[in-house]
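S.K.: So the protein sequences, as listed, match chains E and U. Heads up: the first sequence begins at 20 in full-length UniProt numbering, then just goes up one per residue. Heads up: the second sequence begins at 20 in full-length UniProt numbering, then just goes up one per residue.
Hints are computed from structural coordinates only; laboratory data are not their basis. Idealized CB from N, CA, C, for every residue including glycine. Check before you lean on any hint, since a few could be wrong.
Looking from chain U toward chain E, a few residues come up when the C-beta cut is under 7 Å (computed) [what the hints assert, rightly or not]:
1) Gly33
2) Thr36
3) Val94
4) Leu107
5) Phe179
6) Gly180
7) Gly181
8) Gly188
9) Arg189
10) Thr191
11) Ala319
12) Met324
13) Ala328
Number of protein chains: 2
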Amino acid sequence: ADLAACDGAEQRNGQLTKPPGALGRLEELAIWYAGWRGSARPTLEAPQIVIFAGNHGVCAQGVSAFPSEVTVQMVANFEHGGAAINQLAKAFGASMTVHALELDRPTEDFTKAPAMSERDCVTALQTGWDAVDPSADLLVTGEMGIGNTTSGAALGAALFGGAGEDWVGRGTGVDDAGLANKARVVDEGLALHASRDPLEILRCMGGRELAAMAGAIAAARAHRIPVILDGFICTAAASVLEKTQSGALDHCVAGHLSAEGAHGKMLEGLGKEPLLSLGLRLGEGSGAAAAIGVLKAAVACHSGMATFAEAGVSDG
Amino acid sequence: ADLAACDGAEQRNGQLTKPPGALGRLEELAIWYAGWRGSARPTLEAPQIVIFAGNHGVCAQGVSAFPSEVTVQMVANFEHGGAAINQLAKAFGASMTVHALELDRPTEDFTKAPAMSERDCVTALQTGWDAVDPSADLLVTGEMGIGNTTSGAALGAALFGGAGEDWVGRGTGVDDAGLANKARVVDEGLALHASRDPLEILRCMGGRELAAMAGAIAAARAHRIPVILDGFICTAAASVLEKTQSGALDHCVAGHLSAEGAHGKMLEGLGKEPLLSLGLRLGEGSGAAAAIGVLKAAVACHSGMATFAEAGVSDG
């Protein structure tokens, strides 16, 4: 972050026509955003949403309530403007692109083999990196991939410690037996793939859309574009970066707390407090997109308000 | 609420391209909004913010960190577009009007006399009622009034029970001695004004801007306009309606949890769960305005998404 911009933003914040601290977390958000944008009085006008879709070999283990065909069907829904994320993009003035990542060639079943070859993983990371528009001033990464909460749980366990049962959740809606099955699948993955190198964990138990999200979030850092993290899968993908280099997610804020059980624990592991907690568990970047309004509110107040001197208001 | 519209909205919600319940509270919000708007597929395009300002005789008791002159100065700031609420109105496409309520004639010091005469109280209620645009599709009521957290605390204690110390907070920033002083002032008010009739409590210990907010929220009900409640003062004013008639706030949702200490207890008393919890304590309707984005997100998803049949997506 740009320390001069942070200082300038902090100074400006202290002069705005409100009691000190009265805008709560909006003040802190605006200063954080100012630092990454390199301006003490930034604007937020070009948010970008990138959605990555991938299919998962681990679906052969019966981990999802929905069939794998739904991934490609939902990509068509994104392209035709019918999904939740399309409505949220429109509501908050965000551009949106959708990247279907070799849906007819799912990852390998990670209970049997690494999910991706090195080449596949690097290709997905690169696709994610390239998907980011350098002129965007905010990034949301979303995903669609039937079976990917199981990948997310495997990443959580491998990156933060614990077993399958500590990290699996109901995803799109599995029952108790389905939940136990997901835990078994994660435990088998953890046993088969012993490396605890974060990128190797991503390759062995992640998926193309997770790798692409990690690539996009890293690209945003290079372009000084702040990121709003979405829920469980997005946070799992982002955690690969943080575990590779501490501080790698300083340009990211947690958009929401997902209803997917272990998301709160993962955010705690990253030291991130979510902006919203509304029980969403859809993916698609929907929770992060819903939080765009909060960040817009923060930046609008910070950059638009009059100072005590400008407004002729007594400052107490 | 319109039960046919609620039913229609609920049915539509079940057909949208997402796992059941995956949009969490956004689903419940959209159905609630649909019911009040009388349409199973409503739009949210004309939010209105009304700000009421009043001065408080109880400032003579030293209850605020800011001088009373700040009320009129902030009204000018609202009129010139420099306050936080102006930026939020712009960010969320809301219209905004400001109503200065006889600022040169403060209410009486409620430790010595009723804050308002019956005539003053009715005039303020009527001003609030008349301020609501019947063609709005969402209402936010905000306030400005140096000293009014003390009025809010007095209303909280009188309406929900308890003593001054249970309901006072730091407002714009009083210290420990200031907090104890506010509790004393509230206790003196409670002792002097024995009636526990909600409207009489409003008249004796409220203020013009609180009465106006109550009038506006009642008018919104008559016009079937959903309301996002703001923080401590707004919720105190709204509570007068709920205590007058149970269910009177069914058309209202709590926009945020204020950092003003007793707001959470007041929302619990009303059975309302806040949409946001970001530590705001500014007033002006700012917390409610920040939550407009959440409601917009909910309505956009509900009314804009494709159904499983429309999108050709398998529904699990």
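S.K.: Each hint should be assessed against the structure and marked as holding or not.
M.R.: Structure-based check of each hint:
Hint status for Gly33/U: violated, given a least beta-carbon distance of 13 Å to chain E, over 7 Å. The beta carbon of Thr36/U is positioned within 7 Å of a beta carbon in chain E (closest approach about 5 Å), and the interface hint is therefore held. Of the supplied interface hints, the one on Val94/U is violated, with its beta-carbon coming no nearer than about 10 Å to a beta-carbon of chain E, more than 7 Å. Hint status for Leu107/U: holds, given a least beta-carbon distance of 6 Å to chain E, under 7 Å.
Checking Phe179/U against chain E: minimum C-beta separation of about 24 Å lies over 7 Å; hint violated. Proximity of Gly180/U to chain E is violated relative to the hint, the smallest CB-CB distance being about 28 Å (cut-off 7 Å). This hint is violated: Gly181/U has a C-beta 25 Å from the nearest C-beta of chain E, more than the 7 Å allowed. Interface restraint check for Gly188/U: the shortest CB-CB distance to chain E comes to about 12 Å, outside 7 Å, so the restraint is violated.
Because the beta carbon of Arg189/U sits about 9 Å from the nearest beta carbon in chain E, more than 7 Å, this interface hint is broken. Given the 7 Å rule on beta carbons, the hint for Thr191/U holds: about 4 Å separates it from the nearest Cβ of chain E. Annotation: Ala319/U was flagged as interfacial toward chain E, and the flag holds, the nearest CB pair being 4 Å apart, inside 7 Å. Hint on Met324/U holds. Least Cβ distance to chain E is approximately 6 Å, under the 7 Å limit.
At about 11 Å, the closest approach between the beta carbon of Ala328/U and any beta carbon in chain E exceeds 7 Å, and the interface hint on this residue is violated.
In this structure, the hints that do not hold are numbers 1, 3, 5, 6, 7, 8, 9 and 13, in rising order.
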